[in-house]
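One-letter residues, chain by chain:
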Amino acid sequence: MQKLKNAIPSLSLLAFLIALWWVVVMQTDSLIFPTPLQVVTGTMELAADGTLWEHIGSSLFRVGCGFLAAVLVAVPMGLWMGRVDAAYRTLNPIFQIMRPISPIAWIPLAILWFGIGEVSPIFLIFIAAVFPMIVQTASGVHTIERRYLHAAENFGVSRATLFRRVILPAVLPEIVVGMRIGLGVAWLVVVAAEMIALYSGLGYLIIDSRNAGNRYDLVIAAMIIIGIIGLMLDGLMRLLEELKSVRWRYGR
Amino acid sequence: MDGKIVVRQIKKKFGSGPAALPVVGGVSLSIADGEFVAIVGPSGCGKSTLMKIMSGFEQPDQGEVLIDGVRTTRPSPKGIVISQHGSVFPWLTVQQNLMFGLNGDGHGDKAALADHYAAMVGLKGFENSYPRELSGGMLKRVEIARALVVKPEILYMDEPFSALDALMSLRMRTELLRILEEERHTVLLITHDVEEAIYLADRIMVLSPRPTTIQATFSVTQEHPRKLSSPELQQLKEAILTELGM
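Protein chains in written order, with this note's numbering: chain A, 730 to 981; chain B, 991 to 1236.
Among the hints, erroneous ones may be present.
Using 27 Å as the maximum straight-line C-alpha spacing, the simulated DSS-like pairs for lysine-lysine come out as follows [claimed, not checked]:
#1 B/1100 / B/1068
#2 B/1100 / A/973
#3 A/973 / B/1114
Read the hints as simulated data drawn from the structure, not as lab findings.
So here's chain A without its partners, still in its complex pose (with noise of 0.2 Å):
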């Protein structure tokens, strides 16, 4: 109940965003800009001949694949890096120089390395989430405090024990930052990755919409299906941040 009092502000600026947007494209009669109403159908028809879901299926299957690639790379690269400090010394200017090139960047590179198909935006998404995956793992890393390293050596451990017991759990709060940040980025680039001719996909929709008949309700309703997807593999994501062998960072 509190939740639903507490969400009213909110929801009622989107009402009257929505209002306005109305308003204003009844009073201007534009031809190409829909009404929300027009968005609306136009979302139906889709969502009816099942190209909608075929469009949203793709675009998930992607992130998943870039996602997951970029995470199976990062986690062990990120440890690695903060545990021996050579391999931080040595990779981590590089990182750090590539993390701020937009994936965008990478566009031309992959369709000369991958050519045009599902390799390319896959390999995009790879980029975009990797490298603040490997950043935030490493200094998660680095951030453990010593009194827990230095009871752990007293106590005389193996180096499995002390990696399994004391390392990841000690790190995973901010592996799962990592995760959220990447997968963040992901969602960002698969769009723009496959507004570069593709058959499907979420950008591809949008890009498609607009160049075959100015069909700027569907563009929109894209937009919105974008945003809603987005805040929902957030959702996901702050799950984790519940897990009990996270919380633990989370104060008491």
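Since the structure of chain A is already known, use the hints to place chain B on it.
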């Protein structure tokens, strides 16, 4: 000199060159097996550094530490450190924390052993709690129990109770004596609390300001439980405080 712990002419500087800060200026001492020794000294005098060297976490510039006659340069489960800030792993439950040091076989039923020690420090019923669900005093008990489980021969305690409130710290003193009654350990306690030292220790060493040396040694022979208000102990307290320049 023979004893459980023998320290020979330890010196330690921080930094190097002419700007180096001498911290420990030649300390020698010997602690017998099963003895409880307290070290008191003004803050910043290097008592923590001395203990880090004795427990193997830091290396002296000169001198050596012998435990059971063997030169020691690294920490080992033979002597467990209990520090002021605590190092109970927040991501493990109480029981998992207590089982942490029980690596390898030959401990029998590890969970049962952990639970035995949890009960011993008064944490029965909290075996599956996470540290964030416990109070400061309970966390300290977990830390002590985790050390005791591995049956260390030596306990190094660096101001173990100073982060607790006054009442809890009094309570923990009594608890510690009760636990040590059950299992005799050699204990080295670093503290700035003279009364705590008098209440617990068999011998009290007073350190000088930096670079620190042993300035005076007092024996406490009264039976436990000691009454701090007794004239002898009050006199002892006065004497120690005088050494500390009060």
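Structure-based check of all given hints:
1. B/1100 / B/1068: This hinted pair holds, its Cα atoms lying about 19 Å apart.
2. B/1100 / A/973: Given that 27 Å is the threshold and the Cα spacing comes to 23 Å, the pair holds.
3. A/973 / B/1114: holds (22 Å)
Violated hints for the displayed structure: none, as all numbered hints are satisfied.
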